[in-house]
Every structure is written in structure tokens, then in C-alpha cells.
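Residue numbers (full-length UniProt numbering), protein chains in the order written: chain A, 1 to 339; chain B, 1 to 339.
Everything hinted at is true.
One copy or two, it doesn't matter: identical chains are merged, so the pair holds either way.
Taking lysine to aspartate or glutamate and the EDC-like style, the derived pairs with C-alpha atoms no more than 16 Å apart in a straight line are:
| id | residue 1 | residue 2 |
| --- | --- | --- |
| 1 | 155 | 319 |
| 2 | 266 | 286 |
| 3 | 102 | 85 |
| 4 | 90 | 108 |
| 5 | 261 | 286 |
| 6 | 336 | 177 |
| 7 | 182 | 270 |
| 8 | 105 | 85 |
| 9 | 105 | 86 |
| 10 | 204 | 177 |
The hints are simulated quantities; they were obtained by calculation from the structure and are not laboratory data.
Number of protein chains: 2
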Amino acid sequence: MKKTTIYDIAKELNITAATVSRALNNNPRISEDTKKLVQETAQRLNYKQNRVAQALKSGKSNNVGVVVPYINRNFFSNIIRGIEEELNPKGYHVIISQTHEKANKEIDIVQNLLNAQVDGILISISRQTSSDEHFVQVLEKNVPLIFFDRKKEIKGGSSVTLDDFDGAYQATKHLIEQGCQKIAHMTIDLSLLIYQNRLAGYKKALTDHGMTFKPEYVIGLQSEIVAGKDAAQKLMELPEPPDAIFSSTDLGALGAIQYLKEIGLKIPDDFCVVGFSNEPFTQFMELPITSVDQAPLTMGKTAAKVFLEQMDSEGVKIEKNVVLNPTLEIRKSSLKKGK
Amino acid sequence: MKKTTIYDIAKELNITAATVSRALNNNPRISEDTKKLVQETAQRLNYKQNRVAQALKSGKSNNVGVVVPYINRNFFSNIIRGIEEELNPKGYHVIISQTHEKANKEIDIVQNLLNAQVDGILISISRQTSSDEHFVQVLEKNVPLIFFDRKKEIKGGSSVTLDDFDGAYQATKHLIEQGCQKIAHMTIDLSLLIYQNRLAGYKKALTDHGMTFKPEYVIGLQSEIVAGKDAAQKLMELPEPPDAIFSSTDLGALGAIQYLKEIGLKIPDDFCVVGFSNEPFTQFMELPITSVDQAPLTMGKTAAKVFLEQMDSEGVKIEKNVVLNPTLEIRKSSLKKGK
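Modelling step: build the complete structure from the supplied sequences, incorporating the hints.
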């Protein structure tokens, strides 16, 4: 079946294609009578206006770009679900892209989204991202930019983040309350604000409870099980090994638990472990892992609401920063008997 | 900074904007000298052609739409990784959308991708999908359509699928070889071809080894842990309960294992369990779960290659159907001691 074009409508009405085009785009130079006639004929001939062409004219595509480091992290996929739950009922399409933690890919994706004329960009930046030029570009085009979880401090950008300091503080305080005396901290990448804040929360909880911060108890790793095992091994080989680990990642916590079991330690009796992110597997392990829940669904919904607010406030620039509170989910890996 | 437009170039060269536009779009009515002059001036003034406008003219956006039921299933996210690994180096952007297994959302997404003028659509259909009108539309617009894993039989559509029959056959044969006599099968949704094929492979393995197929040993469930628990309970309450389960899903297998342990059965000594998908958690459980690996990375790369082949063969329509072989990853949940 051949698609109806503006030329078919023009022929039908014996007017020029340019007039049809102007009528369809509500040009004031065209009379109301002609507009009505063109509309009716377009409908009768089943004419569908090209949405990209429409977007070019109206500047609105109804697409929203969501950019995350990895789509398959439970945390990020739940945020996306939250965004979709808010935006789909309002007629927006959510287009997802992943950076694989690469700055170049992030820049490329953001430029592609701008070219595709998305109505807004919701993004959690990659670990590598250092420049902010691509974000400046977004704001210069008046496209709403909302960071979630991992943000770049930039004028005009809004954000929805988690109180990582508080999450780490809660986790560390909980370990102290369980009677742990020597609490180590596994971190990921201290160039990212979220990990800096978790380290700071950990330190503060220690000093608030009269415990000394020991730099040798802070160990960096990649977010993988094997790295968690290696890190735990290094910690246990210290002259004075720790009796608890607060890990900035659940996979790191899992790796640590695997190593600690291998060397014959009983968890939680001999050693307590707490993770961060509340990944689903932390619940269904034989030894369920205590973890900090990051409220991803709420984070996604909130980021979407901030976007909608910006779309509704034409002409007015809004910069909004929302900080959500984490919840510590206490499970067997850190709950000593009789406590 | 104001963006350079074709009007700026026109003013600079004292020619009309229409001439500039034609020159930039390589219109044969414009002389080579003028084209060269316009190109140079455009470059000097840092003019950037609107990619959407370009797409409208050339019909090529360099965007490829990938549609999956859920982005956070390890299987689908690995397929997407495979697609990106093939397409990104060729200059394509991969735009991801998820249907949440809803047919309406799938139709909506496909239409949005067509409107956004993607160069191709790679899709794994939702469980609900019954009509194929939206796919006919894609093919009518000459947009390459490649199904992966879950396909719709449609003329002109290509596909990359897994030999699900063989995967189920291998899994069931393995259980028989372990000495299991009464093998049950947990399935998901028999309206989908993949689950039909797995059921067929299970049946064939039974009859090939002189065992009787018992309809009461086939039980349907949702892909969740709790549903796996419930299904296992129902199976164990049969007058003649099974001694093994081949589950079409890993989460179902995990739920079954949890229930079987609760009622005091020893796995694999008393009861063997095999899953399907080789989700990462199957490896790092305390009791690692045997599962059928679906080669998602290869599936993604192959789907991308089929797309590239179609892009390279202008004018010629290619319909290609590739079937990949699964691998059974044997682990503790089905490996009896002394075998």
C-alpha cells in the first residue's frame, strides 16, 4: 500500500503542496477554511505526518534519552523502570543507552541523543567521565538534563542522588553495634563522588564511636567477585586483620564471604560483612547478605518527575537537587546470634 | 554561541539559502565549484548539518533499535552487548527499549523507532505478542528486521535463534545419565515457540531412552523464585513425586532447590535439578546450578552481522535464519557423587 503524501492531498484539493504543508503546520498565512479542508482530506486519505519532520518543526520528539553505565545492574534497571513508570503514561518514549563506563561512548551517546532531538536527557555518568563539555552542550540547547546517582556538578543541571554518606554511616554503625572492633572498607573508585561519600560516612561512624580510622583497612577493588576475594585475602594477611568488612559493592561482599569461608571463618560469628546496593542475590543466597538499599525505583520516579516539572515550566529554568535516604537491610551476614 | 545556519553560509557567499542546502545535499543541479565553495565555507564557519534533517533526506540515521522484554535479564543484556560490540565500531548507535512483555508497548516502541527513522530493528518479541501487523509495517518500509531468540514467523524477517529443542534434550539426557527415573519439567509460557521447543526436546529425550512421558510432570510457572517453590511443592505432593526437575528457567530451578532443601532432601544425592539460561547466579550459589548456556554474546553478534549484511546488499532482500547450539554447563545441582 502506497503511503499518502502531501502531494496526494494537494492533488485532491487542487492546491499546491506548499499550501497543504503550511495548513498542516498551522501557518497563520493559511485561512481557517483551507486548514479545515486540508485536515479533513488528510484524515480521509489516511495521511500520517512524519513524526521526525514534526519534531524538526515543533522541537518536540516525545523521546527521552536515559543513559546508564550498564543496563544489567539491578540498581540501574530498576531506576529505568521507575522512569518508564512515570513517563510512559504521559506519552513519552524512553530510549536507553549504555556507556560501559567509557567517557568517549558517553559523549558520543549524548551527541546522538541531541541530534535525535530528544526532549530530555536523564543520565548517570560513567566512571571515566571528567570533562563536562557534552553536558554544557545539552544545557545550551535548552534540553533538560537530570543526573541520577552519579552526577557532575554543573550549573543548570538537576540531580537525584542518594545520601551515600548516610548509607555508609548506617552500615558501619550497625557493624559497631554488632560488636565488631576492626572494620575494614572495600571501595571501588574514589574519583567518583558516591564512593568518596561512602568512605566519608564510614570514617565518621568510626570516629563518632571512638574508633580509630586505619588507612590500611581501606582497600580498592573492581566490582567483581574475584576482586572481592583477593581484597579479603589481602586484608586477612595484614599483621592485624579486621573482624568485619563494609563493602561499597555487593559483588565485592560476596567475594569476601567466599574467601572468608574458604579459610574456615564462620559468618557472622567470627566475621561480619555488609554490602551496598541490595542486589537481588543478596537476599536469596544461603547466607543472605546485609546491604544498603538505594531506593532505585524511587530514584527513577523522582528523576522523571524533575524532568516533567522542567517540561511544564516553559521559559523558567529550574535547577533542582533531590537527595534520597538509603535503608540498611539487615540480614544474616552481619547479625550475630543473641543480638 | 549562536549556531551557524545555512543562511549564514548563504550571506557569506552571496547566494540563496536554497542553493546552499542543495549544495550540501549534493544536488546534481549545483556545479562542482559551488559545492566546493559551500563545503569550505560551511567548515570555516563551523556549520553542523542537523542529523535528523540529514536522516530525513538520506533516509539513514545510523541508529539501530534493539527491543527486548527486559533489559535486566543477563541473557538479554549480553545479547545487547554482542550487538553493540559489532555495530558501534561501524558507526551505528544502539538504542535500547524494553517491552516488559507487553504487546501494546512493543507495538508502540516499534512505531516510535520507525518514526525516528532507525536503520534497522533487532527484536525479541514479548510473551503477549500475537499480531504481526507492526512487523509487516517495518518490512514494508524496507527497514531490516531481525528477530533474536523469540521470533515471529513472517516473510522477509530474519532471525537468530537457539536450538532450544537440543538444549532441553541435552539437559534431560544428562539427568537420565545421572540415574534419575522420574524427571519433571517446569515450563513458563507454552504460547512461545522457545518453551514449546524445550518441552518437545524434553519429551524426545525421555522416549529415546525408553521412559514414559507423564503430563502431570509438566508444570507451568512464572519466572520467579517463589513460583518455583510452589511448583516444586505441587510436584512433591503428587502420588508419585519426581526425583529430578528440568526447569525452563534458572529462577524456577533456584526456587525448587530452596523448597527441596526445606523439606530435607539432599541435592544432588536425593534429587537433581537443572535450569536454563546460565544466569550468573547459577555459578556463585553455594550449590552451583547446572544450566543450559544460550550463547547470548554470539547471538547478539550474529544478529548484528545479519543486519550489516542486509545494509550492504542494497536492492536485494535477504531473509536469513541462523540457529545456534546451546551448551549444557554441568554443576553440582545435578552431578551425583561417584559419577
